[in-house]
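Visitor: What follows is each chain in one-letter form.
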Amino acid sequence: MRPYLALARASARSVLTYRLTFVFSMFGLIFQLLALLAIWHAVIGAGQVNGLTWPQMKSYLLVAFSCGALVSLYTDFGMAARIQSGMVAVDLTRPIDYQKARLAETVGGVWIELLVAALGWCGVITLLGTIFWPDPVHLLLFVLSLAAVVPLKFLVVYITGLACFWTQNYLGINWARVAVVNLLSGALIPLSFLPSWFGTVAEYLPFAGITSTPALILAGDLHGLAAVRGLLLQVVWALLLWLLARATWATAVRQLTVHGG
Amino acid sequence: MSSASEPVIRAAGLTKVFRSPDKAPGLSGSLRHLVRPRHTNRAAVNSVDLTIGRGEAVAYVGANGAGKSTTVKLLAGILIPSSGTVRVAGVDPHRDRLVNARQIGVLFGQRSQLWWDLTVRDSLEVLRDLYGVSRTQFTERLDEFDEVLGLGKLLPVVARRLSLGQRMRADLAATFLHGPAIVYLDEPTIGLDIAAKDSVRMFLRQRVAAGTTILMTSHDLRDIEDVCRRLIIIDDGRIIFDGDLGRAKDAYARQRQLSVQVDAPVDLAALRAGLPEAQVEQGASTRELVVVFDRFAHRATEVLDALTRQVDVVDFRLQEPQIEDVVRRVYRGELLVLPPQGVDA
Ligand SMILES: Nc1ncnc2c1ncn2[C@@H]1O[C@H](COP(=O)(O)OP(=O)(O)OP(=O)(O)O)[C@@H](O)[C@H]1O
Ligand SMILES: [Mg+2]
Numbered sequence: 001m002r003p004y005l006a007l008a009r010a011s012a013r014s015v016l017t018y019r020l021t022f023v024f025s026m027f028g029l030i031f032q033l034l035a036l037l038a039i040w041h042a043v044i045g046a047g048q049v050n051g052l053t054w055p056q057m058k059s060y061l062l063v064a065f066s067c068g069a070l071v072s073l074y075t076d077f078g079m080a081a082r083i084q085s086g087m088v089a090v091d092l093t094r095p096i097d098y099q100k101a102r103l104a105e106t107v108g109g110v111w112i113e114l115l116v117a118a119l120g121w122c123g124v125i126t127l128l129g130t131i132f133w134p135d136p137v138h139l140l141l142f143v144l145s146l147a148a149v150v151p152l153k154f155l156v157v158y159i160t161g162l163a164c165f166w167t168q169n170y171l172g173i174n175w176a177r178v179a180v181v182n183l184l185s186g187a188l189i190p191l192s193f194l195p196s197w198f199g200t201v202a203e204y205l206p207f208a209g210i211t212s213t214p215a216l217i218l219a220g221d222l223h224g225l226a227a228v229r230g231l232l233l234q235v236v237w238a239l240l241l242w243l244l245a246r247a248t249w250a251t252a253v254r255q256l257t258v259h260g261g
Numbered sequence: 001m002s003s004a005s006e007p008v009i010r011a012a013g014l015t016k017v018f019r020s021p022d023k024a025p026g027l028s029g030s031l032r033h034l035v036r037p038r039h040t041n042r043a044a045v046n047s048v049d050l051t052i053g054r055g056e057a058v059a060y061v062g063a064n065g066a067g068k069s070t071t072v073k074l075l076a077g078i079l080i081p082s083s084g085t086v087r088v089a090g091v092d093p094h095r096d097r098l099v100n101a102r103q104i105g106v107l108f109g110q111r112s113q114l115w116w117d118l119t120v121r122d123s124l125e126v127l128r129d130l131y132g133v134s135r136t137q138f139t140e141r142l143d144e145f146d147e148v149l150g151l152g153k154l155l156p157v158v159a160r161r162l163s164l165g166q167r168m169r170a171d172l173a174a175t176f177l178h179g180p181a182i183v184y185l186d187e188p189t190i191g192l193d194i195a196a197k198d199s200v201r202m203f204l205r206q207r208v209a210a211g212t213t214i215l216m217t218s219h220d221l222r223d224i225e226d227v228c229r230r231l232i233i234i235d236d237g238r239i240i241f242d243g244d245l246g247r248a249k250d251a252y253a254r255q256r257q258l259s260v261q262v263d264a265p266v267d268l269a270a271l272r273a274g275l276p277e278a279q280v281e282q283g284a285s286t287r288e289l290v291v292v293f294d295r296f297a298h299r300a301t302e303v304l305d306a307l308t309r310q311v312d313v314v315d316f317r318l319q320e321p322q323i324e325d326v327v328r329r330v331y332r333g334e335l336l337v338l339p340p341q342g343v344d345a
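Order-wise, the sequence lines are chains L and F.
Each residue of the first sequence is one higher than the last, beginning at 1 in full-length UniProt numbering.
Each residue of the second sequence is one higher than the last, beginning at 1 in full-length UniProt numbering.
I should point out that these hints are in silico values taken from the structure, not numbers from a laboratory.
Each residue gets a CB set at the ideal place from its N, CA and C atoms; glycine is no exception.
Hints should not be assumed to be uniformly reliable.
Claimed, not checked - From chain L, some residues computed to sit far from chain F (all C-beta separations above 12 Å):
id, residue
1, Gln48
2, Val49
3, Tyr98
4, Gly120
5, Cys122
6, Leu127
7, Pro136
8, His138
9, Ala147
10, Val178
11, Tyr204
12, Leu225
13, Leu244
As the list claims (entries may be wrong) - Far from chain F by the CB rule (all over 12 Å, computed), these chain L residues:
id, residue
14, Met1
15, Tyr4
16, Trp54
17, Pro95
18, Thr126
19, Ile131
20, Ala163
21, Ala179
22, Ser196
23, Leu241
Said to hold, decoys possible - Which stretches of chain F does chain L cover? Using the computed rule of at least three CB atoms under 8 Å from a CB of chain L, they are:
id, stretch
24, 77-86
25, 113-119
26, 129-143
27, 146-152
So that you can see chain F by itself, here it is in the shape it has in the complex (with noise of 0.2 Å):
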């Protein structure tokens, strides 16, 4: 979609190390590092290479330590990387920390911005004074939120008595009030229940409609699937992955699967001749088939036109392939790297 718009954000061999000091556990250890000090260094960033169009939005997976949390405070000026370059719409986010903090809104899943001892409405205004946003965006930003958000009964509450849920929707509001371009949000669906996360994900699906390009990470696949459309996985602070979401779904998530229920236990070794390219198994009891098929080798009807030559169905289910399921697998190496797909791509 946005593919072919001008990079917004642009990272270069980006790599972050952080020194930690190397202590044997108890007392000696604690004196021995003291009368030498021994450090370990380790990349928690390493080498990353980052091109994101304007109006893009970019799901950013990895497990837990992977440097996902690192590299967004890299990107947004908190951090100074070890290496590399990192530039926000031309602007170098530590060096111009002030100039790039106007044009991006940044959102901690595990830690709020508001301010813990004001009303929402307060902390709001607040931020509406450090930004400078007219009275008249002020109401209209805040109305347009509402409508996802349910601000109304959250705006005169104290931060401090927020439920996670209603702190998170509350934040939200507060990371676009000034209606950045560019968002990075590290886990913004964390500990939320399903009513919550799917006001959230709508909520961002309407902010990337309105042209915010969007950097996010979460472990919740679902997230992903419903706001981004580009996917980057890091492990161990390398990019391993980077491409379209449909794109890896189709090179790697391939694998349809239909369960079936029979009226009668049935003959699995003559199914299987006739579905020679699927796999047939027996499912949870004898009544139950399940068919494993990649959807590029066989149509759903197809499977299922030889099923009832040979069975009378009685009902049936079909999954399609996971996210989940490609991620997984990337965790556990067990994909290859597809080509990088540049913003050109």
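Just chain L, same shape as in the assembly (with noise of 0.2 Å):
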């Protein structure tokens, strides 16, 4: 453990170099927020629509918006880049697990992330008015489903930053990687908006846990025994997840050939 926590550390601590990068990263996401905001203000006005009033609606696109600053800043930048620069071979010659290592660093740079989580929320509840909150209950469920996301990403990150090992081109798969996570996960439009049949395939896959499942717990939407299984399947999907990573390190590893040097 002492391994992974010295990494935690050192992440935790470089990150801030970074929080120019971090500041312009989240600039997209403040205005994708305020956008969504305007965009269902409008559509639902003072009744529901799908079941969300507008305190819900909000709650909801707040926990989107945190699921958007959680394991952007270090992953997204860090993995790939590694892999190009051939700093991998650095990495292969410390006696700690890869993945673990990766993850280690991750969780460590979260505390960042949850602070510009948080002034979003101050932001919008001091400009918009209160948000829905759920019973105690469901907050603590909230509050679990929402840290099972930091693997639950953190797993989707890896396996396509793995690809790096067989193409140059990481900027194409990055995109597709955004582009599939933001509409399976509910990040833009909540899944039940989706045409029924696809919303259901939605909510089983990985990428539901990613949003999702945690905002509609905290919206209220989704309760009691639904609540509970929406946070087993973020888990079980993590632990799969897990050992696909492994699997894809395993194949991915023999393709390895370093660039430099």
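Join the two chains, each given in its own frame, into one complex according to the hints.
Guide: This is the structure we're talking about:
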């Protein structure tokens, strides 16, 4: 455990260096949040759409914003760059598990992402009035579900990052991933607004756990047993993706040629 | 010195083939490649056999692209061999990467292992945790390294702000921090000035004296003479020379050169007659002579005596054979391969 804690601490300190890059990437997310708030405010008005009232929608969008901020900093910039620059060679000389090490680094960067998310919450609540808060039990479920976003999103980014072992064109893969995750996680529109069969399928995919599950739990739309099931699905997917990532790594590392030197 | 010790690194038939796309230039070439990809296979390391004993200091030398870095990556467990076997202290470095990583240290001169955004001290602290080095050992080692590497001033500096020479010193400390038994150094003096090179060499000599097994690549042959006892030359992926450094010199670098200043122009023909085994040439001016002789055929004093019998010598300078000359001649293919000298030779 000690090596991984050390890595998490190191990355927790390093993220401050990237604060400018981070702030810029946050601009995109904040703009998206404002646009979505405006649109849904116009759509919902004083009534409700698909069972969601305006305060509930505000909760949903704030969670979506937070999930967008989580695991966006370290992994996105770090993973692919280390493989492409050949720094992966140095990583491989360390007596630690590669995947756990990268997870530890990601977790280390979470604090600044949560900080930005919290600022977003304060801003929205101050400007647009109170949001929907569920009862304490569901609040706890929400916190757990939000925590599960970190490993889940990390694994999706990690597995796509491993594509760098096969292709030089990480940028294209990254865009494709962002598009798929945005649509299937419910980051842009809640899954219930997708065509019904499509929405149902999406609910069972791992991407739903990256936004939709925690967002719907906080918005009170996913409650009781359904909320618990959503959380369990997140955990199961995280475990499955962990194994998938391991298998991908085992193949990828055979492809490794290490550039430069 | 250590040639009788048990081997710690054993490679047999070690081969690494890289597959690179065969693309014609331009867009049409790229398109054709897309339709029908062609690849060339190239063996960067080709049936390399290596046996290195505990505590040996080995120089791994070769021209650019000869396969040095690739060998280091194979030995470190970073790359998987295409064929052949490697054992490092009884461990397959790739299959048991984590076990192997504990016993080795690796320095790639061209890339730093420090955390770019942390101070040197913080980076070393992270490494302390990664390798589970105790606090007392950590302080002891840093104190020990500090004498030669002058770490004190570097510790509070963020790695990104270090100069190349400072960075290399910090990287050396990072490489040896966990007290690895075996260390691979890939061009540890690249881009350094003379003073920095000297401190790197002194540091490495100390580590060798302390019993660390070292395999080092370098294009600066002074590094090699200063630190290593054994020389391995790789060319186009194959080992073409493996032997004791002194032995290589005795075998191939026998030519000493005596440069002499005289007070009056001399009769070269007469001199040549007096020194039939040596080459006597005019130097840059008529008052300078250069005598090249085999150090096993003549002693320097013999040559000097022969000269003073004919001319008045004002000044002279004796140049010892350089390992550069040996390596240059090996690169040029002028020298035959010496029979490999195993660890038990
Ligand atoms: N990732 C790779 N893909 C394809 N070919 C590679 C790769 N890495 C190295 N090579 C080729 O393998 C050969 C050996 O490379 P290597 O880096 O081991 O040389 P080197 O001896 O370290 O050279 P230098 O002194 O320039 O550092 C070179 O011809 C190089 O082009
Ligand atoms: Mg090299």
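Visitor: Hint by hint, say whether it matches the structure.
Guide: Checked hints:
1. Gln48: holds (48 Å)
2. Val49: holds (46 Å)
3. Tyr98: Nearest chain F Cβ is 9 Å from tyrosine 98 of chain L, so the label is violated.
4. Gly120: Non-interface label stands for glycine 120 of chain L: nearest chain F Cβ at 25 Å, farther than 12 Å.
5. Cys122: holds (28 Å)
6. Leu127: holds (35 Å)
7. Pro136: holds (38 Å)
8. His138: Check passes; 39 Å lies beyond 12 Å.
9. Ala147: holds (24 Å)
10. Val178: holds (25 Å)
11. Tyr204: The claim stands: tyrosine 204 of chain L keeps its Cβ more than 12 Å from every Cβ of chain F (closest is about 36 Å).
12. Leu225: holds (42 Å)
13. Leu244: holds (21 Å)
14. Met1: Not fine: 10 Å to the nearest Cβ puts methionine 1 of chain L too close to chain F.
15. Tyr4: At roughly 9 Å from the nearest Cβ of chain F, tyrosine 4 of chain L sits no farther out than 12 Å, so the non-interface label is violated.
16. Trp54: Tryptophan 54 of chain L clear of chain F: closest Cβ-Cβ about 43 Å, beyond 12 Å.
17. Pro95: violated (4 Å)
18. Thr126: Given that every Cβ of chain F is farther than 12 Å from that of threonine 126 of chain L, nearest at about 33 Å, it holds.
19. Ile131: Isoleucine 131 of chain L is indeed farther than 12 Å from all Cβ atoms of chain F, at 36 Å.
20. Ala163: Alanine 163 of chain L clear of chain F: closest Cβ-Cβ about 17 Å, beyond 12 Å.
21. Ala179: holds (24 Å)
22. Ser196: holds (40 Å)
23. Leu241: Non-interface label on leucine 241 of chain L holds, nearest chain F Cβ at 22 Å vs cutoff 12 Å.
24. 77-86: Satisfied; 4 residues make the cut.
25. 113-119: Satisfied; 5 residues make the cut.
26. 129-143: With 4 residues in contact (Cβ-Cβ under 8 Å with chain L), the coverage given for the stretch 129-143 of chain F holds.
27. 146-152: violated (count 0)
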